[in-house]
Amino acid sequence: MNDTRPAADPAAFEIVKNSLFKIAEEMRIVLCKTAYSPILKSAGDFSCGVFDAKGDMVAQGPDLPIHLGSMPDAVRAVVKAFGADVHEGDVYIHNDPYFGGSHLPDVNVVRPAFNDGKLIGYACLRAHWPDIGSATPGSYGAVTEIFGEGLRLPPLRLVSKGVLNTELEKVILWNVRTPDERQGDLGAQLAATLRATERLKSLAQRYGTERLIAYMDEVMSYSERLMRATLADLPDGEGYFEDFCDGDGIADDADGNDAVFWVRMKVKKTGDRLLVDFAGTDPRVAGPMNAVLSVTCSGIYCGLKMCVDPNSLIPPNSGCWRMIEVVAPKGSVVNAEFPAPVVYSNHEMSHRVADMVMGALVHFWPTQVMACSQGTSAVLTLGGVDPRSGRRYVSYETIKGGFGARPNKDGINVIASTISNTMNTPVEVLEMAFPFRVERYEINPDSGGPGKYRGGCGARRTWRMLEGADAVGTLCMERMRSAPFGLLGGKSGAAAVVTLTTPDGKTRHLPSKGAFQAPAGSVVDMITPGSGGFGPTAERDRVAIEADLKGGYVTAEAMKREYGV
Amino acid sequence: MAWRIGVDIGGTFTDVALVDDTTGRIGVAKALTTPRDFAGGVLAALDSAMRRYAVAASDVGLLAHATTVVTNALLEEKGARAVMVTTRGFRDVLELRRSSRPDLYDLFQDAPATLVPRHRRFEITERIGADGKAVTPLAEGEIDSLIAAIRETAPEAIAVSLLFSFLNADHERRLGAHLRRAFPDIPVYLSSEVLPEIREFERASTTAVCAYVGPILASYLKRLEDATQGLGLPRLYVMGSNGGVFEASEGIAMPAIAVESGPAAGVVGAALVARQTGRLDLLSFDMGGTTAKASLIRNGEYETTPEYEVGGGASANRFMNGTGHPIRVPVIDLAEVSAGGGSIAWVDRAGSLRVGPRSAGAEPGPVCYARGGTEPTVTDCNLLLGYLDRNSLLSGDMQIDFAAAERVIAEKLARPLGVDVKTAAAAVIDIVNHAMAEALKIVSVERGHDPREFSLVAFGGAGPMHAAALAAELQIKEIVCPPIPGAFSALGLVGTDLKRDYVRTFYATTATANPAALEQGFSALQSEGAAMLDRAGVAAERRRFVRTVDARYARQSYELSVAVPDGRLDASAIMVIADAFHERHRQTYGHDNRTEPVQIVNIRVAAIGTIPPLRIRQEVAAPGTNPLKGERRAWFRASGETTARIFDRARMAAGFEAVGPAVIESLESTILVPPGWTARMDTDGFVLLARNP
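In order, the protein sequence lines correspond to chains X and V. Mapping the first sequence onto our numbering, position 353 (from 1) lands on 353, and the numbers just tick up by one. Mapping the second sequence onto our numbering, position 590 (from 1) lands on 590, and the numbers just tick up by one.
Source of the hints: derived by calculation from the structure; they are not laboratory data. Since we're looking at a predicted model, the values are computed, not measured. Incorrect hints may appear among the rest.
Here are a few chain V residues that sit away from chain X, every Cβ distance over 12 Å (derived from the structure) [to be verified]: (1) 516; (2) 523; (3) 621.
Cut-off 20 Å, straight-line C-alpha distance, at most; resulting in silico cross-link-like pairs (SDA-like, lysine to any residue) [stated by the list, open to error]: (4) V:30 - V:53; (5) V:133 - X:431; (6) V:222 - V:187; (7) X:409 - V:110; (8) V:222 - V:156; (9) X:22 - X:62; (10) X:201 - V:475; (11) X:409 - V:111; (12) X:409 - V:102; (13) X:550 - V:336; (14) V:133 - V:168; (15) X:409 - V:113; (16) X:54 - X:322; (17) V:477 - X:206; (18) X:201 - X:56; (19) X:409 - X:551; (20) X:22 - V:589; (21) X:550 - V:154; (22) V:412 - V:361; (23) X:268 - X:364; (24) X:330 - X:364; (25) X:80 - X:152; (26) X:550 - V:354; (27) X:170 - V:169; (28) X:550 - V:117; (29) V:133 - X:433; (30) X:506 - X:439; (31) X:170 - X:159; (32) X:22 - V:354; (33) V:477 - V:682; (34) V:133 - X:439; (35) X:22 - V:102; (36) V:133 - X:168; (37) V:629 - V:653; (38) X:268 - X:280; (39) X:22 - V:412.
Note that the Cβ used here is the ideal one computed from N, Cα and C, for glycine as well.
Work the whole structure out from these sequences, hints included.
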């Protein structure tokens, strides 16, 4: 029998570890290159991972941190539902946040890997489908129960020993708006997970199944050891932070105003352990801003990973979080209970929590955090019938804002931050596919929070619906009222603003969440949030001030107002 | 009597390879690279080579050069002061990029670099729609003030990239004409001329790269060409990233085609080996001091990839959005890893052994070079295992400190790992070999090719030392070590055709494409290519045009390249294109969908001026010469510590066999023959390694 302890063969362990991460990366390539919808193929809104037989994440691909905490639950849900009834050639599908999902549009495809009849582990690919049914194109309506958010799929066997369950597939395709596009995306998810399980099998053939399984376990312990050692080197301490969210998309008074609600967080670090406690956080809200616990955890893990391991040396997997304890009141907005609606919270609450982690940690790790980033995925969906082709369409875009200022450098303008890392879709590709024109996509000056180090600027982007193209739009944003905070004297970044100008010439502000009618000729104008500044403005370097002026990132008036020069 | 001369610039040396066209005989010369002005080193190396082999300038039929000027200008951020003009509302297209960040968790990452800073980015009112029609006419009235504003910035080059100019270039052309009149002394690059292809950021980025490096490349090539023509040498050809050479003037018109000029030359050399040795399917492996590069030759041809990222942080996986500047030009498909003889091995805080990405480089170099290196490197481990001479390298020119290498490996690797030094050194070699095997897998397995069906061609200073282990890992049966491995890229330069690629977006599905329109599109590109071949004076019988399309399923986003049948296009030819696409998709991704429409996105023509084939030959020793130099102890995974015989490559006669364990030494490189392998010298100076049956 081979010695399966990694120490017995240091080279083999390193090689297997690299191979496992490579497998997750290869899944990404196959998905991107074969998927049909722009949100997957161009924007990259998906995550790939390799899991052990218990459902723990061994290797996460270089995709989206938002899925750090919740992907293992997706695989565990399959393990729980099917137990030993898992066979070579099977594929499972599900999306229900109350059974291991994050929100209904994120559809998980889980495929077990076998060698010689023995289960090695799983490949899971979670992909955001641009539509999963419900009353609104894009499935981003402001509803009050999960039943209104679209098709719910508990863990189901989509493929059984290589045979596709076409009846289940029909149920799925019958419930979404653009079924042939969804079929293409599902095909890409199947192809990518197949590639991963083939690779796992060949690793098992090379190193032996038992040895590979032992190494998979050791890869997680390896990350855990690194994480603990790094945590132990950092100062102990305790910090508190509270912040309010813009609303949940449901009117709270007769004038149609959406009330804000609060998230409260205490972080306590002792030795090589860390506790995050949400005591005092508001209870569930009516609209879809309730996060299931695993989504909340994703935000925490992402924020912590950036602070504890700022140079990104520790491989991300389930081992990283074994020393992190999260306490969240049941039924609160950060630990939703069935049947609370959740669709917005998936990214809006995890963005929020990731930024808040920095706000709490600044009290004892002031050189290892950044000021608040854009704090929202800034989702705009537009859907209807394309008058050019007569076909139904749904466009889903997420627009980026500022990346927070750091203790030693400025933030970054218009780039994905914390839990998000999706790409924009090229304007030329969008306009070929959808009946609108993008009239402006530019950096919004003066939106970066002033400070010793300036926050990153947000963006301004404008869409005009073409002639004959009446659309239904939905918006899902945060940070319209709660501007991204600065740290240690740095000021807030500019808040988000979205206006709708209808063909009758009337312009109104859109609320942060919910559906709206955009008749042909309408113009949607979005300003995304800038990020917060770091340190007092009085300490900003002259050269940096000059450069900001020269590039027009800060206007002369704002410079005078904020920096007194 | 006609000679071909190739000049390749490396980090330390500028290499010259000469080939006698009639006999195939090879010569080599080197001069120190002169980083401040590369032309100096090139001229010195040329002079040395021509003297040594008594070559008169009038005897030289072909002069080709691989330039690092473009890559260096981007890496060192020393390009021209460029201006960019965009459609109103899109001034920031270069800075907004695709909005993803290169590292997910790096809190301190820098903003990706932008070649044109914001104060030199200008807008003009105009707009073309997605149907190619003008939505807003070009605002002629703004042009005077635009020119005045540009003039204020004292520009050295101008890039213009307007939305949808790939469908309708009218606005770009008119604006370009105004700018060229106003700035007659600086280059103006229009995106519709550089790259008439969909996706505004990638097109703008390619155009900006041209403007950024254009002036530097132009002045460099002009100086070099003046000097070489002053010597009476023929017109200068430059290696392009697509593996063909082009005339200097072509590169000045489209500078982005000159990136990765050097690495391309090595792959071209490998393709030459494929054709000459009749081994048409080869994996090419080029390993030096800091990086290793892998590429694939199939049927004697290398593959190219349509998109590449230059400058910024290097990435082995070019599909990930990095920090560099994307260019959409065909670049030889190669995977590069930061692994070389100088890569540093270390034990991380969780007790795991790691190799790289840091490298000791040429300075201070490995510990055993005794030039101040203090970290154990791959070369130190090779030495410890007995693969390198314990006393000296470069035939005695360089002294080796074996004890220092052993001490450092013991202290920094073996002790923390709790193993003996040999085990530690072997583990380092295993890890670095694995990283390089991954690079070979990227170009083979990931592209749907089984490496077991390929031979491995190994070159670069360190390539032949690691080749056998890589072959074993990938179950490759045979290795080819060509002559002059250290200057092999320079050799590749003189064995390739004149080649330029032309592309245009052509949107149609194979079901609805009008064959006449498609034919017309190809003909237009072909005329551009013919004009280039006219300028280069290529005779009709040496001209070739290769047509391909970039195609995908209608709703996918990434294209695959598919060959177009020869002859005038008709409906059945389009069917052949669709079939070829389904097949290619199945081969690449494991599935196809024959009911789905196939979308043609771009059409391409490669215009080629063929050069007579080259035959490489290096003199081998006379029959009966004894090449045995001695013996030494060496460690192999299969056998543990054993005795290896040491041979001198220069004294191996044709047909001589070295049975492993053995080491074959030459001035610039060492071939390792592990137990179970046998190396044989052929009549042309190639050493072939095969696994014993």
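Going through the hints against the structure:
The beta carbon of residue 516 (chain V) is kept farther than 12 Å from every beta carbon of chain X, the shortest such distance being approximately 23 Å. With a closest Cβ-Cβ approach of about 25 Å to chain X, residue 523 (chain V) is found to remain outside the 12 Å limit, as its non-interface label requires. Interface exclusion of residue 621 (chain V) from chain X stands, the closest Cβ pair being 38 Å apart, more than 12 Å. Among the hinted pairs, residue 30 (chain V) with residue 53 (chain V) is consistent with the structure: their alpha-carbon atoms are about 13 Å apart, no more than 20 Å.
A C-alpha spacing of about 13 Å is found between residue 133 (chain V) and residue 431 (chain X), which places the hinted pair at or below 20 Å, so the restraint holds. Restraint check for residue 222 (chain V) and residue 187 (chain V): the C-alpha separation of about 15 Å stays at or below 20 Å, so the hint holds. With a CA separation close to 9 Å, the supplied pair residue 409 (chain X) and residue 110 (chain V) stays within the 20 Å bound. At roughly 17 Å between alpha-carbon atoms, residue 222 (chain V) and residue 156 (chain V) fall within 20 Å of each other, so this suggested pair holds.
As the CA atoms of residue 22 (chain X) and residue 62 (chain X) are separated by approximately 10 Å, the hinted pair is consistent with the 20 Å bound. In summary, the hint linking residue 201 (chain X) to residue 475 (chain V) is supported, as the alpha carbons are separated by about 17 Å, within the 20 Å threshold. For the hint pairing residue 409 (chain X) with residue 111 (chain V), the CA-to-CA distance comes to about 10 Å; that is within 20 Å, so the pair holds. Of the supplied pair hints, the one linking residue 409 (chain X) and residue 102 (chain V) holds, its CA atoms being roughly 17 Å apart against a limit of 20 Å.
Between residue 550 (chain X) and residue 336 (chain V), the direct Cα distance comes to roughly 38 Å. Violation of the 20 Å bound is thereby established for this hinted pair. Annotation: proposed proximity of residue 133 (chain V) to residue 168 (chain V) holds, straight-line Cα distance about 7 Å (limit 20 Å). As the CA atoms of residue 409 (chain X) and residue 113 (chain V) are separated by approximately 15 Å, the hinted pair is consistent with the 20 Å bound. Proximity of residue 54 (chain X) to residue 322 (chain X) is assessed by CA-CA distance (about 15 Å); at most 20 Å being required, the pair is judged to hold.
Proximity of residue 477 (chain V) to residue 206 (chain X) is assessed by CA-CA distance (about 18 Å); at most 20 Å being required, the pair is judged to hold. At most 20 Å may separate the alpha-carbon atoms for a hinted pair to count; residue 201 (chain X) and residue 56 (chain X) meet this at roughly 18 Å. Taking the CA atoms of residue 409 (chain X) and residue 551 (chain X), the gap is near 17 Å; set against the 20 Å cutoff, the hint holds. For the given pair, residue 22 (chain X) sits about 17 Å from residue 589 (chain V) by alpha-carbon distance, which is consistent with the 20 Å threshold.
The straight-line distance between the Cα atoms of residue 550 (chain X) and residue 154 (chain V) is roughly 15 Å, inside the 20 Å bound, and the hint therefore holds. Taken as a hint, the residue 412 (chain V) and residue 361 (chain V) pair is honoured in the structure, with Cα atoms around 19 Å apart against an allowance of 20 Å. For the proposed pair residue 268 (chain X) and residue 364 (chain X), the alpha carbon gap of about 10 Å is at most 20 Å, so the pair holds. Between residue 330 (chain X) and residue 364 (chain X), the direct Cα distance comes to roughly 28 Å. Violation of the 20 Å bound is thereby established for this hinted pair.
For the hint pairing residue 80 (chain X) with residue 152 (chain X), the CA-to-CA distance comes to about 18 Å; that is within 20 Å, so the pair holds. Using a Cα cut-off of 20 Å, the hinted pair residue 550 (chain X) and residue 354 (chain V) is violated, with the two alpha carbons roughly 45 Å apart. Between the alpha carbons of residue 170 (chain X) and residue 169 (chain V) the distance comes to roughly 46 Å, so the proposed pair goes past 20 Å and is violated. The straight-line distance between the Cα atoms of residue 550 (chain X) and residue 117 (chain V) is roughly 10 Å, inside the 20 Å bound, and the hint therefore holds.
Taking the CA atoms of residue 133 (chain V) and residue 433 (chain X), the gap is about 16 Å. The hint holds against a cut of 20 Å. Restraint check for residue 506 (chain X) and residue 439 (chain X): the C-alpha separation of about 18 Å stays at or below 20 Å, so the hint holds. Under the criterion of a C-alpha separation no larger than 20 Å, the hint pairing residue 170 (chain X) with residue 159 (chain X) is consistent with the structure, at around 13 Å. With a C-alpha separation of about 16 Å, the suggested pairing of residue 22 (chain X) with residue 354 (chain V) holds against the 20 Å cut-off.
Restraint check: the Cα-Cα separation between residue 477 (chain V) and residue 682 (chain V) comes to about 17 Å, which is no more than 20 Å; the hinted pair holds. Between the alpha carbons of residue 133 (chain V) and residue 439 (chain X) the distance comes to roughly 15 Å, so the proposed pair stays at or under 20 Å and holds. Our distance criterion of 20 Å between C-alpha atoms is met by residue 22 (chain X) and residue 102 (chain V), whose separation comes to about 17 Å. Straight-line distance between C-alpha atoms of residue 133 (chain V) and residue 168 (chain X) comes to about 45 Å, which puts the hinted pair past the 20 Å bound.
For the hint linking residue 629 (chain V) to residue 653 (chain V), the alpha-carbon distance of about 14 Å falls within 20 Å, and the restraint holds. Between residue 268 (chain X) and residue 280 (chain X) the alpha-carbon distance is near 16 Å, which keeps this suggested pair within the 20 Å criterion. For the hint linking residue 22 (chain X) to residue 412 (chain V), the alpha-carbon distance of about 28 Å lies beyond 20 Å, and the restraint is violated.
The earlier numbered hints that this structure contradicts are 13, 24, 26, 27, 36, 39.
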